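Novice: The listed protein sequences correspond, in order, to chains A and B. Quick note on numbering: numbering that gives the first Met the number 0 labels position 108 of the first sequence as 107, and the sequence is numbered without any gaps. Quick note on numbering: numbering that gives the first Met the number 0 labels position 320 of the second sequence as 319, and the sequence is numbered without any gaps.
Just so you know, the hints here were simulated from the structure itself, not pulled from any lab data. Hints may contain errors.
[What the hints assert, rightly or not] If you only want the chain A side, here are some residues facing chain B, beta carbon under 10 Å, derived:
| id | residue |
| --- | --- |
| 1 | Q62 |
| 2 | D161 |
| 3 | P227 |
| 4 | P249 |
| 5 | V256 |
| 6 | S286 |
| 7 | V335 |
[Stated by the list, open to error] Just a few of them, taken from the derived set where beta-carbon distance is under 7 Å, the chain A residues facing chain B:
| id | residue |
| --- | --- |
| 8 | F143 |
| 9 | F221 |
| 10 | W225 |
| 11 | Q252 |
| 12 | P254 |
| 13 | L356 |
The structure displayed is predicted, hence computed values, not measured ones. Just so it is clear, CB atoms sit at the ideal spot from N, CA and C, and this is done for glycine as well.
Okay, here's what each chain looks like letter by letter:
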Amino acid sequence: MTSPAVPIERPTDWRGLAARLAAPVGAVLAVAVMVLSLGFLADPDGPQNALIGLYNALGLTGQAEALAQEGLDPILSKAIIAVVGLAIGVGGIWLIYIGAHSVLELLGPRWLSRLVPWVFIGPALLLVGVFLVFPSITTIITSFTEGDGFIANFGFVFTDADMLIALRNNALWLVLVTGGSVIIGLVIASLVDRVRAEALAKTFIFLPLAISMAGAAVIWRFVYAWQPPQEAQIGLLNAGWTALGNEPVPWLQTPGVNTFLLILIMVWLQTGFAMVVLSAAIKGIPSEVIEAARCDGAGESRIFFRVIVPMIRGSIIVVATTIAVAVLKVFDIVYVTTGGRFETEVVANRMFNEMFLFRDLGRASALAVILFLAVIPIMIINIRNLRRQGIGA
Amino acid sequence: MPRHRFLVGVAVLSLLAAACQPSASGSPTESATGGPTGSYLERAEAGEFDGTSVQILAQWIDAEGDNFEANLTAFAERTGIDVQYEGVTDYESYLIRQVDADQAPDIAQIAQPGRMREFQGEGKLINLSEFIDTAAFEANFPSFVDLVTVDGGIYGIPYKADLKSIVWYPNAAFEDAGYTIPETWDDLVALTDEIRGTGVTPWCTSIEHGDATGWVATDWIEDILLRTAPPETYDAWVNHEIAFNDPAVLHAADLMAEIWFTEGNVYGGSTAINNTFVGDTQNPMFAEGGPDCFFHKQASWIYTFWPGYVAATETEPAVVENEPGVDSSFFYFPPIDPEFGSPVLGAGDMFMMFNDRDEVRAVIEFLATPEAAESWIATGSFVSPNLAVPEEWYSVYPASGLAEILRTATVLKFDASDLMPAEVGQRSFWDGMVDWVAADGANTEDVFAEIEASWP
């Protein structure tokens with residue numbers, strides 16, 4: 000916000016006015032260019048035509064003709080689209096805000112301070128409204144009206160035998176993944192705090208987070224693979240298991256074991272996230288506090304439970320709620336490994352099947368609403384936690 | 000609408016002549032009034048739709064996708080219609096999403112006639128009998144007319160046939176052992192017992208297929224039901240006019256259980272059945288020290304999963320070890336009750352039309368001609384349901400053997416699980432088979448009653 004030193008009652012200062020107008024006009028022009036580039040992105044031949052145009056403009060007509068004849072390498076073409084898309088996406092948002100701000104500056108300081116917040120959160124509000132609030136409401140309505148009606152749709156969720164298994168499994172996932180990741184993450188975070196190769200150790204624990212859920216599921220499917228007893232076991236788990244003299248076990252097809260093995264995959268994925276956040280929180284504890292506790296004669300475990308954990312409580316809640324929300328939505332791991340068979344069904348996978356295989360919009364929406372309702376208390380905990388820390392109070 | 004041609008196949012030959020006639024492109028309204036401008040295919044061949052484009056969506060990717068596209072290339076070049084083919088995996092849910100979003104492709108392949116009926120009921124499909132030559136269609140696809148007819152209209156063009164009623168075996172080892180191909184069910188059971196007596200498991204079978212685990216077992220039930228009950232019973236079962244656990248079906252299950260669950264009959268036993276990937280079922284049959292099993296009942300495409308098989312590329316032909324017709328072969332899954340003849344259980348792919356434009360009609364008409372599959376047939380891995388396909392086109396095994404079985408079949412029935420509602424045909428039936436195998440067939444009545452209860 001530049002100083003409002005230029006008084007408004009001096010309109011004859013043409014140079015000053017031009018300078019003030021330059022930014023908004025430039026921004027509007029830039030936005031126009033951006034909108035035009037969207038057309039470029041939508042056209043599969045866009046990069047090729049643009050390059051031909053460029054060659055022609057440079058006088059390289061021979062090159063242009065050759066390109067028009069042969070066509071552009073598809074990978075190069077996609078790469079160009081990706082670069083342009085990134086530039087428009089990132090640069091465009093930036094330009095919109097700069098432009099809007101400079102337009103507001105023309106209105107004077109009073110309007111500026113009133114309108115600026117709306118200009119900045121306006122686009123986000125609009126997007127959230129169109130892509131989140133509106134679909135949520137229509138989903139709720141659909142769950143009441145489609146299929147055999149409200150009672151049948153929700154009755155199915157709470158009475159169908161497969162659904163009861165799915166609800167049970169979701170509860171297991173919620174407790175074990177959230178608890179497992181946070182506890183293991185916390186333990187690792189406080190242990191590596193004292194290790195010399197801390198960065199290296201953390202990198203290894205953090206690596207799985209870079210793998211997509213589907214990718215992790217494929218990897219672990221190999222770990223759990225089964226072969227007939229007379230053949231070599233290619234699965235790591237069965238290789239070890241048979242080395243101990245046991246018969247190979249079809250882990251993923253054995254109810255009672257399989258859900259826990261799937262949960263392990265997600266713990267493996269999420270522990271790194273918990274560790275990184277909690278490690279940062281532990282490092283944020285002033286060393287005076289720890290030293291004071293030591294001087295008072297507190298042992299290491301006492302320091303951990305009575306000083307460190309309470310002081311990073313806020314971070315623990317944030318990590319736990321974030322993981323809990325991710326767990327409620329779990330779909331990929333189940334879909335890739337067992338497809339929800341052998342009593343491993345979860346709500347999100349069933350929702351996918353109801354929607355895209357059985358085409359029962361009512362039941363699918365009812366399941367979506369159930370997941371939505373389950374997320375709300377977690378969100379409330381999160382928001383209250385933020386309030387307590389003085390954020391958004 | 001009556002057309003002056005009587006055979007789709009013949010029509011194509013006349014196209015060369017049609018191509019020399021003056022183009023009808025100056026009068027596009029004539030088709031709306033039913034003017035005698037010839038079929039849409041003829042008009043396309045005359046160049047009338049040059050510059051238009053038609054999208055086709057199907058589940059064929061890689062080699063299969065290339066094989067399909069190869070058939071379209073010449074057509075596209077001749078007519079100037081830009082035929083845009085897209086093959087996607089996870090096909091069915093993708094297609095449903097596109098259709099629900101009103102983004103349906105012009106033409107889409109489907110393997111489940113039940114799904115086709117669903118789309119038809121929602122008014123999404125174009126009635127093909129409004130423009131195709133229905134008499135020729137009925138003459139060329141007699142076994143499939145009922146399947147694609149809904150409310151008196153035709154909504155699908157059958158394109159690809161898969162035969163399921165065959166049993167693969169390693170023929171060299173089979174002949175060395177002095178076995179002969181069983182012609183009746185009793186022969187098959189006797190040979191099974193004989194092989195088991197030598198200490199070798201006679202059968203390889205398995206049903207693990209990720210999200211679709213169980214379908215192999217449903218094929219067995221269906222194939223046996225066709226051999227032990229009249230076709231009407233099969234149809235009534237598919238349409239739920241009799242209970243899913245009708246005594247006829249339970250009887251079929253009992254016969255199947257004899258093969259599957261007799262100790263020592265199947266390689267690896269029931270744990271292996273439930274846990275071996277469908278594409279790996281045959282591996283013991285080609286074990287290095289001689290076959291660990293002799294029979295593998297699976298559809299015609301399974302040889303592309305033989306160990307060592309490498310699909311053809313643009314420059315290299317396919318590498319086939321245990322080559323069909325040389326080292327591996329198949330015989331017809333024998334009849335059980337002679338009263339019910341030699342039925343064949345099949346599946347197949349058909350094309351549906353979502354958008355009604357003249358050039359799309361032309362492509363649909365083309366897909367109903369033998370030429371639309373000619374180069375794929377030549378690879379030996381494709382059987383067309385179209386009777387107008389000349390016999391000599393099937394020169395390569397296994398397609399030649401399959402076409403022979405198809406010609407001598409007394410009854411051809413479509414895979415029941417593909418016709419039932421998805422909740423049953425693609426879920427509870429499959430799940431039930433898994434439970435059934437896990438219990439070594441001890442819970443037949445419970446399993447089938449449970450599937451019956453799941454019918455929507």
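Novice: Each hint needs a verdict: does it hold in this structure or not?
Specialist: Here's how the hints hold up against the structure:
1. Q62: violated (27 Å)
2. D161: holds (9 Å)
3. P227: Nearest chain B Cβ about 4 Å off; hint holds.
4. P249: Since chain B brings a Cβ to about 4 Å from P249 of chain A, closer than 10 Å, the hint holds.
5. V256: Where the cut-off is 10 Å and the nearest Cβ of chain B is about 14 Å from V256 of chain A, the hint is violated.
6. S286: violated (53 Å)
7. V335: holds (8 Å)
8. F143: violated (20 Å)
9. F221: At 12 Å from the nearest chain B Cβ, F221 of chain A fails the 7 Å test, so the hint is violated.
10. W225: holds (5 Å)
11. Q252: Status holds, d = 6 Å.
12. P254: violated (10 Å)
13. L356: Result: holds, 5 Å to nearest chain B Cβ.
Of the numbered hints given earlier, the model fails hints 1, 5, 6, 8, 9, 12; all others are met.
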